[in-house]
Amino acid sequence: MSDVLTFSDNPQLAGELASAAASIAVGAGGKVFSVELDAVREGVPRGPVLLLKSTDPITGDDSRIALAISEASKRMPNTIVLIGSTKLGRMVAGRLAVTGRMCVLADVRGLKLEAGTLTGVRGVYAGKFNAKVGAPLPCVALVPQGAYPLPDRSAAMVEEMVVPAIPSRVTRVQTESSHASAVDLRGAKVIVAAGRGFKTKEDLALVERLARVLGGAMGASRPLSSDLGWLGEEYHIGLTGVYVRPNLYLAIGISGQLQHVAGIKDSKVIAAINKDKQAPIFQVADYGVVGDLYQVVPALLKILGAG
Amino acid sequence: MNIAVCVKHAIDEGELKADSSGRPLLQGAQAKMSTFDRNAVEEALRVRESKGGTITVLGLGSQDWKKSLKEALAMGCDRAIALSSPSDLDTLTTSYYLSRSLQQKGPFDLVLLSEGASDTYSGLVGPMIAGWMDVPFIGYARKVQVEGSNIRAEVALDDKTERVDAVLPCVVSVVSEINSPRYPTLLQIMQASKKPLEELAVDSLKDEKAPQVVSKVLDVAVQSVNRKKVLFEGPPEESAQKLLDALRKEGVI
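Protein sequence lines correspond, in order, to chains A and B.
Residue numbers for the first sequence follow our numbering, so the first one is 1 and each next one is one higher.
Residue numbers for the second sequence follow our numbering, so the first one is 1 and each next one is one higher.
Treat the hints with care, since some could be wrong.
[What the hints assert, rightly or not] Here are the simulated BS3-like pairs of lysine-lysine, each with C-alpha atoms no more than 30 Å apart in a straight line:
no. : chain 1 : residue 1 : chain 2 : residue 2
1   : A       : 268       : B       : 228
2   : B       : 195       : B       : 105
3   : B       : 228       : B       : 249
4   : B       : 17        : A       : 275
Since the hints were made in silico from the structure, they are not lab data.
Please put together the full structure from these sequences, using the hints given.
Here it is, written out as structure tokens:
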């Protein structure tokens, strides 16, 4: 028997983890809890809640979260801890693994319990290959957004547990919410993204206009937000940037480096505009236009009545 | 300042090919210093430039991994420690041995590494090292500044940015936007071979805390790309119309 604890700082992902936990627990015969910290967040369906409280707030502090979850997992046999693959989630998973002497499976989907081993599938080598990985219980697994559906409704049960005071190791002097665009990109149904094929920063107005006409958000490949500095980091889509899952991803003037493609794989339809017929982006696209973006994009805008 | 920086010798994912059964051809595959680790080395050099001190670069591997250490020496690190392991290790055990060598060869005020390796991008070894050493961890720093016995950093998380303070010693992972790594000159590359590089077998570092559990890679296969790959060529107006028709048919616009 083994119990499953789940946690994510991202409320949507926290809900998805409840489904992931339920899928494992069916075979494991154990209990499932969605860990909430300090107070229960409202609005997203999730499993039975285990509310962890301490003398000080736990939310937002990776080492406090790790130790609080570790305290909770100690009271359960053979725990599997599922954590959402966010940046904070990775920090929590790392420290939790050392505290509890548990292995971590990173960025796994398709979780299964097979003879006392938790297995899952993850992308490796910038998503070029898939690896099936396994860890003995108890263990930690990081689960990416979009790997599991949201549960239909929330379970009503809330259990509370008070964990001992945990000293914070890092002082947060100032916290600011990111520019809204990163958040917009994660939830966008349509994304129009710009790459190196654009000659000047001003030309990105074409992308912005096309994104607006299609009711979508604008994104970019790394060179535009990093080397060229035309856009903020929050627009950067890819391995080290934002992962996106729109219905339509339209890449304009993007060659399709592995690191960029790693961030768009889960898009329903990928379309690309590039003047180089050999550009790798066409190998991962459903539809491609071979042509000069400075002619094709205005043509698109014109047909859409926004030229 | 006694600075340490950890680097990984990683398979060059861009060059990696699959065999006829879809398995990666790892034998003889090209490897290099993990892309983002160059930013960690660069940041170590910048901290030393402003605060003085020495930089030790550490890396764990089983074959050819000293190449990345030598590259870091050529970039300007002072000495290298090569942890040799008979086989590839998982993140928990890797971080354990790195932390053991940091304790044995330190004490270090600051341990730097990248946000994640270019081959796996798990981002776990940093917080794990901090866990083993029982020191603060600052993740995803895009700006760092050492002030006396403190470190201030600006970090970029998924939905927020934070300014944080911690007391040294501290483990810090940096994002690739933090700097542009320098390229060593030919002279620096030649001089690097004269810098001290010490080899340590991981078994010599074992103590009673060594992890008893390991995670395993059970199988690796090439990802299949199920995309339609329909190309439109010809006059821009016609291609644009065909693209919009196709996207409407898909129901995505």
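Here's how the hints hold up against the structure:
1. Distance hint between residue 268 of chain A and residue 228 of chain B is fulfilled; the C-alpha atoms sit about 12 Å from each other, no more than 30 Å.
2. Between residue 195 of chain B and residue 105 of chain B, the direct Cα distance comes to roughly 16 Å. Compliance with the 30 Å bound is thereby established for this hinted pair.
3. The straight-line distance between the Cα atoms of residue 228 of chain B and residue 249 of chain B is roughly 14 Å, inside the 30 Å bound, and the hint therefore holds.
4. For the hint linking residue 17 of chain B to residue 275 of chain A, the alpha-carbon distance of about 26 Å falls within 30 Å, and the restraint holds.
Hint check: no violations occur; every hint is consistent with the structure.
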